[in-house]
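J.: Sequence:
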Amino acid sequence: MTILNTLVASVLSLVFLQANAQTEIPKGFQKGTITLADNSNLPGFVKDNIRKDASIVFIQQAGEKKKTYNGSELVAAEIDDAKFLCISGDFFKVLCQGNLCFLQKSSDASGKPTYNGNEATFSSGTEGKLNDYFIYNGKDKQLKLVSKKNADEVIAASFAGNTAAIEKARSANGDIAQLKEAVQVYNNGTNK
1025 MTILNTLVAS VLSLVFLQAN AQTEIPKGFQ KGTITLADNS NLPGFVKDNI
1075 RKDASIVFIQ QAGEKKKTYN GSELVAAEID DAKFLCISGD FFKVLCQGNL
1125 CFLQKSSDAS GKPTYNGNEA TFSSGTEGKL NDYFIYNGKD KQLKLVSKKN
1175 ADEVIAASFA GNTAAIEKAR SANGDIAQLK EAVQVYNNGT NK
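Position in the sequence shown (from 1) plus 1024 gives the number in this note's numbering.
Derived from the structure by calculation, the hints contain no laboratory data.
Keep in mind that the hints are not guaranteed to be accurate.
In silico PhoX-like pairs for lysine-lysine, Cα to Cα no more than 25 angstroms straight-line [unchecked claim]:
1) K1090 to K1051
2) K1117 to K1107
3) K1117 to K1172
4) K1076 to K1107
5) K1117 to K1076
6) K1117 to K1051
7) K1090 to K1076
Bear in mind the structure is a predicted one, so any value in this text is a computation, not a measurement.
Can you make the complete structure from the sequences, with help from the hints?
T.: Here is the structure:
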């Protein structure tokens, strides 16, 4: 009877350890979700290599095989509370989301090879450099770099017909990061 008790105790401890291992976050990873090109969502664990090489490493469950995804293979990624959109192979951190999104460039995929079988193609990425700000219209898939040189033009085009958003954008006085508030006003539909 003691052999049977020992065997049962061993099996139960293995089951407990296995269940416990599946809830632990692997070292160097964070909880996250990725959205694939077919718009399916996969929850799991993500290692952020976005700035390093415009990619993430993904594990669906602890102990499973790791898979690397570059920005051209994903629509979006969420790492902890940070959300990213993937456009033309680049990752953009979502600072504000709605009809218009206010984004910050987080990777540079230009010149990065992607493979279709043995054939390599090179990504041209998106304009701008790391940390630049963009306004993205998801409806017509328009990504506009916002700089001090073109701010007035982008504001007029992006917020056309919304006086409150235009006034909020102009009150930023050249501080591009403050355009987030104007995007929020636009998305809330507030107009004077």
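J.: Would you mind marking each hint as holding or not holding in the structure?
T.: Verification of the hints:
1. K1090 to K1051: holds (13 angstroms)
2. K1117 to K1107: holds (6 angstroms)
3. K1117 to K1172: holds (20 angstroms)
4. K1076 to K1107: Holds, at roughly 17 angstroms.
5. K1117 to K1076: Answer holds: K1117 to K1076 is near 15 angstroms, not above 25 angstroms.
6. K1117 to K1051: At roughly 23 angstroms apart (the allowed maximum being 25 angstroms), K1051 and K1117 satisfy the hint.
7. K1090 to K1076: holds (17 angstroms)
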